[in-house]
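Protein chains: 2
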Amino acid sequence: MHNIVCIGAGKLANHLMPALEREGYDIVQVYSRTEASAKSLAVHLHNATFTTDLSKIQQGADLYIFSIKDDAVEQVAQQVAFLENGKSVFVHTSGILPLNAIPFNRRGIFYPLQTFSASHPVDWKNTPMLITAETQEITTSLTSLAEKISNLVYQVGDKDRAVLHLGAVFANNFTNHMLTLAESICNEHHVSFDILKPIIRETVVKALDVGPRNSQTGPAIRGDQHTIEKHLELLAEHPQLRELYQKITESIEKASR
Amino acid sequence: MHNIVCIGAGKLANHLMPALEREGYDIVQVYSRTEASAKSLAVHLHNATFTTDLSKIQQGADLYIFSIKDDAVEQVAQQVAFLENGKSVFVHTSGILPLNAIPFNRRGIFYPLQTFSASHPVDWKNTPMLITAETQEITTSLTSLAEKISNLVYQVGDKDRAVLHLGAVFANNFTNHMLTLAESICNEHHVSFDILKPIIRETVVKALDVGPRNSQTGPAIRGDQHTIEKHLELLAEHPQLRELYQKITESIEKASR
Chain A
1 MHNIVCIGAG KLANHLMPAL EREGYDIVQV YSRTEASAKS LAVHLHNATF
51 TTDLSKIQQG ADLYIFSIKD DAVEQVAQQV AFLENGKSVF VHTSGILPLN
101 AIPFNRRGIF YPLQTFSASH PVDWKNTPML ITAETQEITT SLTSLAEKIS
151 NLVYQVGDKD RAVLHLGAVF ANNFTNHMLT LAESICNEHH VSFDILKPII
201 RETVVKALDV GPRNSQTGPA IRGDQHTIEK HLELLAEHPQ LRELYQKITE
251 SIEKASR
Chain B
1 MHNIVCIGAG KLANHLMPAL EREGYDIVQV YSRTEASAKS LAVHLHNATF
51 TTDLSKIQQG ADLYIFSIKD DAVEQVAQQV AFLENGKSVF VHTSGILPLN
101 AIPFNRRGIF YPLQTFSASH PVDWKNTPML ITAETQEITT SLTSLAEKIS
151 NLVYQVGDKD RAVLHLGAVF ANNFTNHMLT LAESICNEHH VSFDILKPII
201 RETVVKALDV GPRNSQTGPA IRGDQHTIEK HLELLAEHPQ LRELYQKITE
251 SIEKASR
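Protein sequences, first through last, are from chains A and B. Here the numbering used here is used: position 3 in the first sequence is 3, and no number is missing along the way. Here the numbering used here is used: position 102 in the second sequence is 102, and no number is missing along the way.
Isolated chain A, as found in the complex (with noise of 0.2 angstroms):
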């Protein structure tokens, strides 16, 4: 494998593209919706053309990656059937998505867990990568390639990556989403969120340590009922958030029983 066509140019593309790019791959190729992006991403990288429509992404590279929203890879990868050739290897990027998701002969997934945003960089390093496969030789082709740029390559299957990538859904997406409520606390009553990222980043550092199960501390596991309440009295205008508020206070001291 050296030739790579990237399909698709969101915030994966952004950061995978580069990060093969300087293990020596080639893209030579960027197809997007819009102009915009599809330029963005290409003119960082050497070799690489770019295009808007579908049906001019060039035939015969080594691998294809679709790198684009799970809800269209489907429907994107029934449009570019045409590049079959029995050679080249096809991959999505998706957690969630089966590897049958897309039509091809020789195709794998290629998938890492990591949360990626446009204006942080990522630790290649420590980003697993998840590897599933048609055939052997595919997975070990795409095992080789995730090592080049990742020391955590795992090879697994449809169930248990659709696993991780729900643990992902709470391990960060529900974890960051709990980070936002806490500054959006802060800011409605004009009291610094600086002053709680000590205890966000010792949260990590203790769960990682000790368990999260074993860190769980605060006034739902203890059955504080007094504590509770005067939170509830604090989201008084926030019907929806003390709602969310007792929800999870429930789920902690079931999960303590």
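Don't take every hint at face value.
Heads up, the list lumps identical chains together, so a pair's fine if it works in one copy or across two of them.
DSS-like, lysine-lysine: derived pairs with alpha carbons at most 30 angstroms apart [claimed, not checked]:
(1) Lys254 - Lys197
(2) Lys247 - Lys11
(3) Lys148 - Lys69
(4) Lys11 - Lys197
No wet-lab data here; the hints were simulated from the structure.
Chain A is already provided as a structure; the job is to place chain B on it using the hints.
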């Protein structure tokens, strides 16, 4: 302030008293309801006796620190009202109780905004200490005491402290619970929770770098209903967890509007 009596022998007391002793303070007595916990803390301190009898708490110490469950502070403080002498200072360590929860003239609050577990050491220098007191003189004394152990000392009122306490419930308690749920999901499906650890570390690094609002990723903020449905299917046997997933997803959608 030199001689300190510690009323309570829980997780906070077990971390705080040795920290104060290291800075030269004399912990002269430890009270706890149970002899085992009173003794267990006292033996780790150089000059501390212990008691399980509130009426035997010694009089005339410079500082009395109530480090007991929020629910118990008011009642216990009333039971030791005989300690009032117009000179000693009395503080509680609660983030949510007001200053007047303890019925003494010279009173204050000495609240470390941190999560404490028995088996994990505390980084006191980076633990915010929130100080409230009845008079400026006591505020100054407690601030000096706090600055001995921490680089992050803040003077705050009851309302701001309660807001930060609520913020900390989201930033720590709820965040940690999301990690517990992620681990449970992995365990149930016999997938290694270790694979999620890099994204857990990155979650906090990124949220503190670019802010949690700019860090949000995942199906909820993308409006990716297909992925959300697949996650809910994986949670089919856990109706409470399904509901929690849906409520947090709605909250993320709302926050992104």
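Are any of the numbered hints broken by this structure? If so, which, sorted upward?
none
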